[in-house]
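Position chains F, X, B and Y against the provided structure of chain H, taking the given hints into account.
Residue numbers (the numbering used here), protein chains in the order written: chain H, 1 to 99; chain F, 1 to 99; chain X, 1 to 99; chain B, 1 to 99; chain Y, 1 to 99.
Worth double-checking, as some hints may not be accurate.
Same chains, same label: a pair holds when it works inside one copy or across any pair of copies.
[Claimed, not checked] The calculated EDC-like cross-link candidates involving lysine to aspartate or glutamate, where the alpha carbons are at most 20 angstroms apart (straight line), are:
| id | residue 1 | residue 2 |
| --- | --- | --- |
| 1 | K5 | E68 |
| 2 | K5 | D31 |
| 3 | K23 | D52 |
| 4 | K94 | E32 |
| 5 | K5 | E32 |
| 6 | K23 | D96 |
No lab work stands behind these hints: they were computed from the structure. Given the structure is predicted, the values throughout are model-derived calculations rather than measurements.
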Amino acid sequence: MQIAKVRGTVVSTHKEPSLRGVKFLLLQLLDEEGQPLPQYEVAADIVGAGMDEWVLVSRGSAARQVGENTRPIDAMVVGIIDTVSVDNQVLYGKKDQYR
Amino acid sequence: MQIAKVRGTVVSTHKEPSLRGVKFLLLQLLDEEGQPLPQYEVAADIVGAGMDEWVLVSRGSAARQVGENTRPIDAMVVGIIDTVSVDNQVLYGKKDQYR
Amino acid sequence: MQIAKVRGTVVSTHKEPSLRGVKFLLLQLLDEEGQPLPQYEVAADIVGAGMDEWVLVSRGSAARQVGENTRPIDAMVVGIIDTVSVDNQVLYGKKDQYR
Amino acid sequence: MQIAKVRGTVVSTHKEPSLRGVKFLLLQLLDEEGQPLPQYEVAADIVGAGMDEWVLVSRGSAARQVGENTRPIDAMVVGIIDTVSVDNQVLYGKKDQYR
Amino acid sequence: MQIAKVRGTVVSTHKEPSLRGVKFLLLQLLDEEGQPLPQYEVAADIVGAGMDEWVLVSRGSAARQVGENTRPIDAMVVGIIDTVSVDNQVLYGKKDQYR
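Only chain H is shown next, with the shape it has when bound in the complex:
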């Protein structure tokens, strides 16, 4: 999986019917130091992630394993991140963001 930050949303009304009701988030991928990478993903959201939150995104066929697995989805937000630790140091803590 990759670590990403929620940066926005994508709306499409004229789409594959099986995608109706799916919320699409625009995610910016982050590197292992938490810096933005020049890559993004549009991912289906099933955990209700909010703007600027760090999330775990699964890609490929893994993204179809939740709900109806015949939807043409190749990226999905599968968790809101609480903490990321690197070399036993906390790189990111969700709670620290709102102090």
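Chains F, X, B and Y alone, transformed into the frame defined by chain H:
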């Protein structure tokens, strides 16, 4: 999924029979600021996207989940984009394109 | 899918038995202006593409959807390209190649 | 598969229910000379790898082949590496790390 | 598929049980001129490839189509290459390597 812009079409008459009747669009991938990336995809179109429209493209096995899923397709246009918002600002609005 | 040009062949006699009889083409990927990219693929050929022809190549599990789908193939030529149009201009026309 | 070094952990409590109980490791990919690459993966751990250990990571649908294969996981640690040999020289030996 | 050169081996005794008995080769990917690319793969070997041999490697779910397809393997050596021809010239011939 990725955001892309419809740039053209690809026609192949001598092809795998199960691909007969499939329309192939040439898509240029866009970055999260809407700028063209040096990557493109040839994708099957099931939503009738037009030239210069922004679309959502699914890749990998997700692209086979619509219609007969035994067609050798690895990229599919799954939606025409209405709006893309980044940091609560509208980056792209389909209607604005035709004012 | 990607657009590629047939550049050569790869022969392997000592291989996974299910690959017997499969012809392998060496393809150079092309960008959306028809220029060679520094990437290639060795793909199974089911349409009988010839040297220097432009072809459509499918990759990933899509490449196993034709014939026995338990063959360890991850790239397949699925069509010989007639035309590629970009911004309503013909970038490539198969017939023009042989005038 | 890729060779990676365990650099940390990712914790997510608000996540897809099928991911409960899955431990997520932050892995830095290594090149064939054992040097860190600017790429990382968040992978599910099923072998109990420890900090700084070199591991084998499988990605894509392969990562769902162990345990319930309907979990939205796209990267999994599948082995702790004992040795890596390149050109008949030992590049890495787990035991040498702890002399 | 990709063309690669066998550069070494990876040994892991503490691993996913279904991987027992699988030999892992360290492969360096080659470009279409036979030059080493800065990418490698650790691949399961089912054809008994030797050091420095050129091989065909399949990646993704294709790598699980041989033997038990529930093993978490995402790269597999599927053939030892005899010849690679580019623009009707032999780029590589296995027999020439041992003159």
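Consistency of the hints with the structure:
1. K5 / E68: So K5 and E68 fail the 20 angstroms test inside a copy (25 angstroms) and across (28 angstroms) alike.
2. K5 / D31: For K5 and D31, the Cα distance is within 20 angstroms both inside one copy (11 angstroms) and across copies (15 angstroms).
3. K23 / D52: Classified as within; 16 angstroms inside a copy, 24 angstroms across copies.
4. K94 / E32: within (16 angstroms within a copy, 24 angstroms between copies)
5. K5 / E32: Classified as both: same-chain Cα gap 13 angstroms, cross-chain 13 angstroms, threshold 20 angstroms.
6. K23 / D96: So K23 and D96 fail the 20 angstroms test inside a copy (27 angstroms) and across (22 angstroms) alike.
When the structure is compared with the earlier hints, violations turn up for hints 1 and 6 and for no others.
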